[in-house]
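A.B. asks: For chain A, the structure is supplied; the task is to place chain B on it using the hints.
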Amino acid sequence: MGKQLFLILSVLLLTGCGEQTWRTTDISGAMPELNFNLTDEHGHAVTADDYRGKSTLLFFGFTNCPDVCPTTLAQLAGAVKLLSEDVRKDLQVLFVSVDPARDDPATLRRYTDVFGPRFIGLTGDRAALDALTGRYSTTYSYGEKDESGNYDVSHSSAVFAFNREGDVRLLIRASDPVEAVAEDLRQLSQDS
Amino acid sequence: MGLKRRVIYGLLLCMFAATAVADALSVTDARLRLLPGDLPVAGYFRLINEGDDSVVLSGAESSAFEHVTMHQSTQVDGMAGMEPVPELELAPDGAIEFLPGGYHLMLMKRRSPIEFGAEVPVTLIFADGQRLSVQFQAVSPAAM
Numbered sequence: 001m002g003k004q005l006f007l008i009l010s011v012l013l014l015t016g017c018g019e020q021t022w023r024t025t026d027i028s029g030a031m032p033e034l035n036f037n038l039t040d041e042h043g044h045a046v047t048a049d050d051y052r053g054k055s056t057l058l059f060f061g062f063t064n065c066p067d068v069c070p071t072t073l074a075q076l077a078g079a080v081k082l083l084s085e086d087v088r089k090d091l092q093v094l095f096v097s098v099d100p101a102r103d104d105p106a107t108l109r110r111y112t113d114v115f116g117p118r119f120i121g122l123t124g125d126r127a128a129l130d131a132l133t134g135r136y137s138t139t140y141s142y143g144e145k146d147e148s149g150n151y152d153v154s155h156s157s158a159v160f161a162f163n164r165e166g167d168v169r170l171l172i173r174a175s176d177p178v179e180a181v182a183e184d185l186r187q188l189s190q191d192s
Numbered sequence: 001m002g003l004k005r006r007v008i009y010g011l012l013l014c015m016f017a018a019t020a021v022a023d024a025l026s027v028t029d030a031r032l033r034l035l036p037g038d039l040p041v042a043g044y045f046r047l048i049n050e051g052d053d054s055v056v057l058s059g060a061e062s063s064a065f066e067h068v069t070m071h072q073s074t075q076v077d078g079m080a081g082m083e084p085v086p087e088l089e090l091a092p093d094g095a096i097e098f099l100p101g102g103y104h105l106m107l108m109k110r111r112s113p114i115e116f117g118a119e120v121p122v123t124l125i126f127a128d129g130q131r132l133s134v135q136f137q138a139v140s141p142a143a144m
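Chain order of the listed sequences is A and B. Each residue of the first sequence is one higher than the one before, counting from 1 in our numbering. Each residue of the second sequence is one higher than the one before, counting from 1 in our numbering.
It is worth saying that the hints were derived from the structure and are not from the lab. From the three backbone atoms N, C-alpha and C, an ideal C-beta is built for every residue, glycine too. There may be inaccurate statements among the hints.
Where chain A lies over chain B, by a calculated footprint (3+ residues, C-beta under 8 Å) [to be verified]:
(1) 23-32
(2) 40-48
(3) 130-143
From chain B, some residues computed to sit far from chain A (all C-beta separations above 10 Å) [unchecked claim]:
(4) 59
(5) 86
(6) 90
(7) 112
With the rest of the complex left out, here is chain A:
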């Protein structure tokens, strides 16, 4: 509750003096800059520094998620489609799987490729995932396994957006129209 209040106050304070107007939710300054140690979809160890220099969208999910994850990624893919080539090549979408037991690099690569070349799959061990989700005040948890071993994973429903320096800027929600997301991504590419 205290954390939420702080977040809301920070957002109000910062939106009051900023000159930018965003159509999705501005969270500039309310959360720390992008930082992580994970494994990419080619099996290489990576850090947030490897992704500096481009606008970055961060989404937590899992590939066995039939509805919410593909819906969110399709929303982002739809917005990416509306961008000019210049803006598009300046953008990357990091899909961080919080289900490393099922999402190996090959599965992640095949999955993110469906949504386009801007989509990159990452995952890590529990400690690395706990550190990253905790950093953005969110969490994840596993449901019970059914008779065929399948289980649901609950995860943050929002997408976090960072500028090319890795500073946090926006929270994009499922309810945000694709046009609004595209407009903010254009503005984000100018942001530094």
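C.D. replies: Same frame as chain A, now just chain B:
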């Protein structure tokens, strides 16, 4: 009227009644959002009941998948999850939308690979024993 004729009339009446009930239910916009490999697939559609009675959708099955279940995506305190939906009641002259972010069929374990554009048979099952066969089109998740 002889017994034989009465039986035939009876049978005809039964057949007509069954057809009338089946005609009361229809499905549009049926599509499967196909993910790569053997990942679970979501099925979306609009189910319309033009009949005078309410019906209860109690499940679905498909010859193309080993398991089909009904689910609803949930959002609680910024966390996304999903829960099983055992049945859904559809009022007379009512419609139910299975849409991204809401109700969806979850189809698991493909019996053979499915290509984009393929027509996949799915049967919707109702609590009163009615069955409605529908062709779902396999589409790219990026296209929705």
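A.B. asks: Decide, hint by hint, whether the structure agrees.
C.D. replies: Structure-based check of each hint:
Restraint check on the segment 23-32 of chain B versus chain A: 0 residues with Cβ-Cβ distances below 8 Å, three needed, restraint violated. Restraint check on the segment 40-48 of chain B versus chain A: 3 residues with Cβ-Cβ distances below 8 Å, three needed, restraint holds. For the segment 130-143 of chain B, the stated coverage by chain A is satisfied: 4 residues place a CB nearer than 8 Å to a CB of that chain, which reaches the threshold of 3. Consistency note on residue 59/B: stated as away from chain A, and its beta-carbon is indeed over 10 Å from all of that chain's, at 15 Å minimum.
At the 10 Å boundary, the C-beta of residue 86/B stays outside the reach of chain A, the nearest C-beta of that chain being 14 Å off. Non-interface call for residue 90/B relative to chain A: holds, since the shortest CB-CB distance, roughly 21 Å, exceeds 10 Å. Residue placement check: residue 112/B keeps its beta carbon more than 10 Å from all beta carbons of chain A (closest about 18 Å).
Going down the numbered hints, you'll see the structure goes against just number 1.
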